[in-house]
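Build the full structure now, drawing on both the sequences and the hints.
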Amino acid sequence: MIEMTDHARRRLERYLSEARRTLRGHPDLDGQEVLRGLREHVDAELGGRPGTGEPVTAAEMDAVLERLGPPDGLAGEVRTGHAASAGGMPGAADREGVRGALVRLTVAAVLAAGTVVLLLAPGALVWGQAQIGGVLDAAWNPGGPPLPGTRSTDYWIRVGGTVAAVTGVWWAVVGGASARWGGRVREALAPLPCPVRARHGRVLAGAGLVLAAAGAVLLFR
Amino acid sequence: MDHVSDDFVENWTTQTRKGLLELGVLNAIRERRRYGYEIVKLLKAVPGLVISEGTIYPILGRLEREGLTTASLEPSPEGPARKYYRLTQRGTAALTVMNERWDAIGRGIQAIRSEDHDRDD
Numbered sequence: 001m002i003e004m005t006d007h008a009r010r011r012l013e014r015y016l017s018e019a020r021r022t023l024r025g026h027p028d029l030d031g032q033e034v035l036r037g038l039r040e041h042v043d044a045e046l047g048g049r050p051g052t053g054e055p056v057t058a059a060e061m062d063a064v065l066e067r068l069g070p071p072d073g074l075a076g077e078v079r080t081g082h083a084a085s086a087g088g089m090p091g092a093a094d095r096e097g098v099r100g101a102l103v104r105l106t107v108a109a110v111l112a113a114g115t116v117v118l119l120l121a122p123g124a125l126v127w128g129q130a131q132i133g134g135v136l137d138a139a140w141n142p143g144g145p146p147l148p149g150t151r152s153t154d155y156w157i158r159v160g161g162t163v164a165a166v167t168g169v170w171w172a173v174v175g176g177a178s179a180r181w182g183g184r185v186r187e188a189l190a191p192l193p194c195p196v197r198a199r200h201g202r203v204l205a206g207a208g209l210v211l212a213a214a215g216a217v218l219l220f221r
Numbered sequence: 001m002d003h004v005s006d007d008f009v010e011n012w013t014t015q016t017r018k019g020l021l022e023l024g025v026l027n028a029i030r031e032r033r034r035y036g037y038e039i040v041k042l043l044k045a046v047p048g049l050v051i052s053e054g055t056i057y058p059i060l061g062r063l064e065r066e067g068l069t070t071a072s073l074e075p076s077p078e079g080p081a082r083k084y085y086r087l088t089q090r091g092t093a094a095l096t097v098m099n100e101r102w103d104a105i106g107r108g109i110q111a112i113r114s115e116d117h118d119r120d121d
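Protein chains in written order, with our numbering: chain A, 1 to 221; chain B, 1 to 121.
Hints in this document: simulated from the structure, not taken from any laboratory.
Don't take every hint at face value.
To be verified - Residues on chain A that point at chain B, a partial pick, calculated with CB under 10 Å:
| id | residue |
| --- | --- |
| 1 | Asp28 |
| 2 | Leu38 |
| 3 | Arg79 |
| 4 | Leu105 |
| 5 | Ala109 |
Here the structure is a predicted model, which means the values were calculated and not measured.
Even glycine gets a Cβ: it sits at the ideal position worked out from N, Cα and C.
Next comes the structure, spelled out in structure tokens:
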């Protein structure tokens, strides 16, 4: 982190705040990513200045922000729309937009449904097996007491622990793979938008490890 | 230059620059991945192409969203992680066509100018 005076920090924060407000008016731009890029730019610019041991002054910050340009002009050089929708008949552009939205919606629905099935499948399998075990137990032993251990609290804690452990390991694998190779999936889907980012994969992998650990604690308590 | 033609040229320059900035960004990462700051400094060296350095970042986001580039965050020895951009297959294919068209337009305009020049002589 680059050290800066309070004045310099306030000027940077004000610039980024105005930029955020400007970018909000451009729904086709990812404002957070643009802000991240601007922040990276400021860090790179100030990190390379002579005498880097001293905190950045307001004057130095002003010079960097001036070169970046006014916040309300940030999106000024972005062309608007695809060539097809920019130059064609308005009706054709609208139809193209509706068709694109439908395709995006379909892909998003398939991705969402697939993701839910993918994430819950291991847990559903283990839970289902436990349920089937209970049914078979009742069928084999009609009217009688449950088989030793099958209906006890300890039995269900072990089922829960197994579900959590298996699902957690699965989440960690899927999350890790998403973080590592998600870029290739986005590339393959392009130009369709893929909102999943590497950080989502890392969060899923982290949650998976926590869940797996909780499952292990239940199993081996 | 009078006021009317001054506005006209400014408007023409702005419109032309928008397309050329995209061409410049894509060419900047044609041979190797680069991070945003590197790309900005590279384009800044082209006279008249970059007026405000900050305007490159929305373009980088736009190209990524269009699927022409892909980006990855990588740790930097000098500070926070940097976002590196590289061309996708789609971006490489698009850039090849864009460069060909740009070259053809340049040659065509130059040919027209040379023709007029020859006639003047």
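Hint-by-hint comparison with the structure:
Because the closest C-beta pair between Asp28 (chain A) and chain B is about 7 Å apart, less than 10 Å, the hint holds. A distance limit of 10 Å between C-beta atoms decides the matter here; for Leu38 (chain A) the minimum to chain B is near 6 Å, and the interface restraint holds. For Arg79 (chain A), the suggested interface contact is upheld, since its CB lies about 5 Å from the closest CB of chain B, less than 10 Å. Below 10 Å, beta-carbon pairs count as interface contacts, and Leu105 (chain A) has none with chain B, the closest being about 17 Å; its hint is therefore violated.
At its closest, the beta carbon of Ala109 (chain A) sits 20 Å from a beta carbon of chain B; the interface hint therefore is violated under the 10 Å criterion.
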